[in-house]
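Q: For the protein sequence lines, the chains are A and B, in the order given. Note that my numbering has the first sequence beginning at 1, numbered continuously upward. Note that my numbering has the second sequence beginning at 90, numbered continuously upward.
Derived from the structure by calculation, the hints contain no laboratory data. Every value quoted in this text rests on a predicted model; they were computed, and no experiment measured them. Glycine included, C-beta positions come from ideal geometry on N, C-alpha and C. Treat the hints with care, as some may be off.
As the list claims (entries may be wrong) - Which chain B residues stay away from chain A? Per the calculated CB distances, all over 12 Å, these:
id, residue
1, N100
2, E163
3, W246
4, W266
Stated by the list, open to error - Reference listing, derived: stretches of chain A covered by chain B, where coverage requires no fewer than 3 residues with Cβ under 8 Å from a Cβ of chain B:
id, segment
5, 25 to 31
6, 39 to 52
7, 60 to 71
Claimed, not checked - No farther apart than 27 Å at their CA atoms in a straight line, the calculated lysine-lysine pairs in the BS3-like style are these:
id, chain 1, residue 1, chain 2, residue 2
8, A, K53, A, K22
9, A, K53, B, K160
10, A, K28, B, K160
11, A, K28, A, K53
Listed here are the chains, written in short residue letters.
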Amino acid sequence: MSQRATKKFTVAEFDDEYVWLKLREGEKRGLQFAIPLDNGCQDELESLNEGEKITATLESMNERNTAWQCVEIQREEEENGRTAMPADD
Amino acid sequence: MVNPRAPRVFNLYDIIGVFLPGATLLFGILVLFPDPPVPSAIWEYLFYLIVAFSLGHIAQAYSSSAMGELKVFENTMDETRNVLVDDDEDDNDTGEGDEGSGDGEGNNKEESPDDQDDEDTGGEDDDSGLRERFSNSYWGHRILLFILYPLIGPVVWLWWSPNDDEVEELLHANLVWKNLRQTYDLDVGIDRYEDLQQMISSRVDDPRSPVRSYRFQAIRNFHRGMWVSAWFVWLFIVAYEIGAFIPLDGWPYRGLFCFGSVEICSPFIIESYPTVVIFSLLLAVLFVSWRLTVYYERVFIRYLITDYFVAIQNQDTGEVGSGNGG
Numbered sequence: 001m002s003q004r005a006t007k008k009f010t011v012a013e014f015d016d017e018y019v020w021l022k023l024r025e026g027e028k029r030g031l032q033f034a035i036p037l038d039n040g041c042q043d044e045l046e047s048l049n050e051g052e053k054i055t056a057t058l059e060s061m062n063e064r065n066t067a068w069q070c071v072e073i074q075r076e077e078e079e080n081g082r083t084a085m086p087a088d089d
Numbered sequence: 090m091v092n093p094r095a096p097r098v099f100n101l102y103d104i105i106g107v108f109l110p111g112a113t114l115l116f117g118i119l120v121l122f123p124d125p126p127v128p129s130a131i132w133e134y135l136f137y138l139i140v141a142f143s144l145g146h147i148a149q150a151y152s153s154s155a156m157g158e159l160k161v162f163e164n165t166m167d168e169t170r171n172v173l174v175d176d177d178e179d180d181n182d183t184g185e186g187d188e189g190s191g192d193g194e195g196n197n198k199e200e201s202p203d204d205q206d207d208e209d210t211g212g213e214d215d216d217s218g219l220r221e222r223f224s225n226s227y228w229g230h231r232i233l234l235f236i237l238y239p240l241i242g243p244v245v246w247l248w249w250s251p252n253d254d255e256v257e258e259l260l261h262a263n264l265v266w267k268n269l270r271q272t273y274d275l276d277v278g279i280d281r282y283e284d285l286q287q288m289i290s291s292r293v294d295d296p297r298s299p300v301r302s303y304r305f306q307a308i309r310n311f312h313r314g315m316w317v318s319a320w321f322v323w324l325f326i327v328a329y330e331i332g333a334f335i336p337l338d339g340w341p342y343r344g345l346f347c348f349g350s351v352e353i354c355s356p357f358i359i360e361s362y363p364t365v366v367i368f369s370l371l372l373a374v375l376f377v378s379w380r381l382t383v384y385y386e387r388v389f390i391r392y393l394i395t396d397y398f399v400a401i402q403n404q405d406t407g408e409v410g411s412g413n414g415g
């Protein structure tokens, strides 16, 4: 049973297989999530820079919703130029 | 300076966590005798000391299983990773129709097509759904955890483990999780929580690290040992009282308390104090000990995570902590 969530993040850090995205809003802001670099949005993820602000749509990879993969990414600049978030793919 | 690798025998951890619950259990057993044997010589005191220590170990081993894991660590590590879902559910509760808003409230959650298929299977799980809703509700959770489980836990632990919430401080837990993943190259979806907790415990058990969590672990062990000890004595008293309703004056059931005598005899404590007083006292110890066990399990996990967090911070900054050997 997978869930999707669209959230605002800051790119915190890259390690070998994952990029760590830091939640920017909400009560739990500051928490970091590891997103696999080779499982969705590969090119977009690899082109990100540490400290960059993005809005990402993530999809859980397991029933407990403890692992997430990327579905869509919008950079802050792109987002500012739009009037609304894109609809579900 | 304490050598952290030397075996630590009969330290404060052993006295609080093992000996005191064992002594309580021994005392509880002794007062069940019609004429409790009171030690008089030094070797008798020494013998009782050894028996109390041994009973304490048995009580610890039993209570360790009987209390379950309470899942505080598991829930905490899950919460640091699935908070995206929970956060969104909160958002949905506070308002709808915020999709696409540009005011910072634009978070939304969607179900994937697979989820919609899952929902269509409905109906047959209504009963289990009702039970789950009860156990997940505020009062249902508390009734199960704090009223029912202290009484039946030592029997039902094989089939049902109680479940507590996660610790509230998630930021340290999240950074600890990040460090564990990067240090040990773990899969992000790992659900072997026992392994994770052991990794943290092993890292914290270092002379350069603060080990405040171990003190709380000892206090938790004391309370859970007291819980099981009080429960067993309570069970003996209940068994004795039930014996009154068994034909033939409860023989041989009640005769067990005479330890071989063919005559029915009463435990010393029953002869000395009103049963209702003993019963109430044991129930009070039992419930309070369990409540404190749950409380200190949370405190222990919180400090275990904090100890690890401080340990890795010290490692990064090159500082040496003032832990158990420092």
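Q: Now, for every hint given, state plainly whether the structure supports it.
A: Structure-based check of all given hints:
1. With a least CB separation of 37 Å from chain A, B/N100 remains clear of the 12 Å interface cut-off, as annotated.
2. The Cβ of B/E163 sits about 10 Å from the closest Cβ of chain A, inside the 12 Å cut-off, so the non-interface label is violated.
3. At roughly 23 Å from the closest C-beta of chain A, the C-beta of B/W246 stays outside 12 Å, upholding its exclusion from the interface.
4. At roughly 8 Å from the closest C-beta of chain A, the C-beta of B/W266 falls inside 12 Å, breaking its exclusion from the interface.
5. Coverage of a stretch by a chain is defined here by at least three residues with a beta carbon nearer than 8 Å to that chain's beta carbons; for the segment 25 to 31 of chain A and chain B the count is 6, and the condition holds.
6. Under the rule that three or more residues need a Cβ within less than 8 Å of chain B, the assignment of the segment 39 to 52 of chain A is violated, with 0 such residues.
7. For the segment 60 to 71 of chain A, the stated coverage by chain B is satisfied: 8 residues place a CB nearer than 8 Å to a CB of that chain, which reaches the threshold of 3.
8. About 9 Å separates the Cα atoms of A/K53 and A/K22, which keeps this hinted pair within 27 Å; it holds.
9. A hinted pair counts as satisfied when its Cα atoms are at most 27 Å apart, and A/K53 with B/K160 does not qualify at roughly 35 Å.
10. About 21 Å separates the Cα atoms of A/K28 and B/K160, which keeps this hinted pair within 27 Å; it holds.
11. A threshold of 27 Å between alpha carbons decides the hint, and for A/K28 with A/K53 the separation of about 17 Å falls inside it, so the pair holds.
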